[in-house]
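Chains as they are written, first to last, in the UniProt record's numbering: chain G, 1 to 238; chain Z, 1 to 103; chain R, 1 to 310.
None of these hints come from the bench; they were simulated from the model. Some hints here could point you the wrong way.
Claimed, not checked - Computed beta-carbon distance windows for the label pairs:
#	chain 1	residue 1	chain 2	residue 2	range
1	R	296	G	14	53 to 59 Å
2	R	243	G	226	32 to 38 Å
3	Z	69	R	73	33 to 39 Å
4	Z	7	G	210	45 to 51 Å
5	R	309	G	210	29 to 35 Å
6	Z	28	R	194	24 to 30 Å
Unchecked claim - The list that follows gives simulated cross-link-like pairs (lysine-lysine, DSBU-like), each with its CA atoms no further than 30 Å apart:
#	chain 1	residue 1	chain 2	residue 2
7	Z	18	Z	3
8	Z	18	G	166
9	Z	3	G	155
10	R	108	G	208
11	G	155	G	166
As the list claims (entries may be wrong) - Now the stretches of chain R that chain Z is said to cover, found in silico as 3 or more residues with beta-carbon under 8 Å:
#	region
12	49–60
13	73–84
Beta carbons: idealized from backbone N, C-alpha and C, even for Gly.
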Amino acid sequence: MTLAEILHSLFPGGHGVAVTDGLIGGDGPLGTGRLAVVGIDGNTPLGIEGACLLAGRVLDVVRRGGDTPILVAIDSDSQRMSRRDELLGLNEYLAHLAKALLLADASGHPTIGLVYGHTAAGAFIATALATRVLAALPGAHPSVMDLPSVARVTKLPLERLEEMAKSTSVFAPGLDNMVAAGAVHAVLDPARPLGPQIEALIAGSSRKDGRDDLGRSRGGRLVAHDIAARVVRAATGD
Amino acid sequence: MEKLTFRHTTNRSLAGTKAQAITGVVASGNLEVLMERSLAPDQCTVEIDTAINGYGDVWEAVISDFVARRQPGGLRITINDGGARPDTVTLRLLQGTRLMEAV
Amino acid sequence: MAMVPVSLSADPLDQSWYEASARARLDGLVDPGTFEEFIGPEQRVMSPHLPAFDLPRAFDDGIVVGRGRLDGSIVLVAAQEGRFMGGAFGEIHGAKLVGLLRAALVAKPAAVLILFDTGGVRLQEANAGETAIAEIMRAIVEARMAGVPVVGLIGGRAGCYGGGGLIAGTCSRLVVSEVGRISVSGPEVIETNRGAEEFDSRDRALVWRTMGGKHRRLIGGADAFADDTIRAFRDAALDQIGRAPAFDLATLEAEQARLETRLDRFGDARDATEIWGRLGLNDPAAVPGLDTETFDALLVRLPEAPRDAR
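Same shape as in the complex, but just chain G (with noise of 0.2 Å):
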């Protein structure tokens, strides 16, 4: 789905969400009350500038209090590499957007991101993956890494990392494997209207991170949750 066509199935009566840039922000009615929406459209790299922006409106929501939920819509590259982002610290910047939807998520408005086309490593991480609850359409395609920078990388062929990839989705880029891996809670329908299903997975969400339990459910990353865990009984002494 496009960007435009998510818009208008999450809100037929009209909105007020404009992209400038390829970043994303406005809000449209949502049930009885208001969905804010920030985001990167259109495979754009996520630098400096944009996640200063996206952040201040993240701030922006919390700042006139309420219950507005954030929808976190993300088509992007990964983070903008560059010399020039680095010197001005864009780990910074990516983080402070991060902590911005934690921020919103744990002062009562609830996160949720919605990955409809690409997004990868660091841009990922400051966007959909600080969510509460992270959605996906179908044809998404969220990685850390494609496999041929992976061959590059790890010096394995690239072949080899293809025929791998078939039976191992721990490290394989894609929208099934970023699922079994529980980063990605649930795949929306997109023949069926996008807010009700947004607000199903808003009503079922909550502020406990259950990724690692996903994971483990689904087959993906079997062994985190039980590592985690076992590091808190030992640390709290139960």
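Given chain G's structure and the hints, the job is docking chains Z and R onto it.
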């Protein structure tokens, strides 16, 4: 990857009371050695996971030499190897036994 | 970069942080004899994924987590081993840090200390590592909201790259040494994607002044600059725990203002030395050679000290 296991009988147990020690890091040309005082006083086992295949004979010689020199009775030794040279292996084994001998 | 002679002292606290292993850093950092490891190497909890890539595993999956005392107070600690798989976040590696941070909510330690030494996500376990980084950031925020400071210490061989840089940016306070590098895309990654004209990764001086400890401290990306010794990191960690900001709207609004101001003032700068000049340093070219004492004195004299809301 290759897995190797060696068992030795020793004349005596290693001195000291430390139950466990770890030394080294798994990296290219390096290895980590975990020592646990968990066997009978005249027994020593060495289990190796190595990144480089085909050097079983070298490992056997290095381990035999180490056991003859240090008589590490009682120790279960486990090694994760990132492709260390024999002298590095010996160094880590000696470091490990020194740590185990501490009171 | 100032070259500091190798210490001849036998005192563990005088050893180089950069050269020390994760275990040696932790042993020296906390009060002697107080470190207690969770899921120690004898439990052999190793990566279930590396064998498929014919790669050797480590007993601790490259991270040591546990509890110790710092000047008498209980702290939870995690140390990454940058020499094993570049200190990268795999499934178990990440889950150990997630568990430690979640435990802080119940155990209420004086602080959680994270000794970063990482290239980012372990690509052989990419999805597990990436998701763990998101879980870690959420857990840090929850610990901070519960009043537990999370302090990051950065001065290891692998630096603090990729998702590690984002986790660092989520901490309450950061201590960095000259050789500590903080960044998202590393020099090699930028060069591979954009070419050597954009970033020549072999130009070490460029790497240090673009992402190294002094630059990060000067622009406010870190809160304290430490010598490359275990003692200096220990002292700085103790000092920073007491200065940790709350995690609330006021702090994030202050950070928003801090980051917007940085964009306005330095957004058109071509090089770190240009930024340092605008900050009021008379001799930017001399900065890389300054020792810690001179550098700290210079920070104090700056017309505006780096603001540190994070």
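Now for the hints, and whether the structure bears them out:
Between residue 296/R and residue 14/G the C-beta distance comes to about 57 Å, which sits within the given range of 53 to 59 Å. A hinted range of 32 to 38 Å holds for the C-beta pair residue 243/R and residue 226/G, which are about 36 Å apart. Between residue 69/Z and residue 73/R the CB atoms are about 44 Å apart, so this pair departs from the stated range of 33 to 39 Å. Against the hinted window of 45 to 51 Å, the Cβ-Cβ separation of residue 7/Z and residue 210/G comes to about 46 Å, which satisfies the hint.
One distance hint, 29 to 35 Å for the beta-carbon pair residue 309/R and residue 210/G, holds here, with the actual separation near 31 Å. Taking the beta carbon of each, residue 28/Z and residue 194/R are about 28 Å apart, inside 24 to 30 Å as hinted. For the hint linking residue 18/Z to residue 3/Z, the alpha-carbon distance of about 27 Å falls within 30 Å, and the restraint holds. Of the supplied pair hints, the one linking residue 18/Z and residue 166/G is violated, its CA atoms being roughly 47 Å apart against a limit of 30 Å.
Restraint check for residue 3/Z and residue 155/G: the C-alpha separation of about 23 Å stays at or below 30 Å, so the hint holds. Proposed proximity of residue 108/R and residue 208/G is supported: the alpha carbons are some 18 Å apart, at most 30 Å. With a CA separation close to 19 Å, the supplied pair residue 155/G and residue 166/G stays within the 30 Å bound. A stretch counts as covered by a chain when three or more of its residues have a beta carbon under 8 Å from one of that chain; for the region 49–60 of chain R and chain Z the count is 7, and the coverage holds.
Counting residues of the region 73–84 of chain R whose CB lies closer than 8 Å to any CB of chain Z gives 3, which reaches the minimum of 3, so the coverage claim holds.
Figure legend: structure checked against the earlier numbered hints; hints not met, in rising order: 3 and 8.
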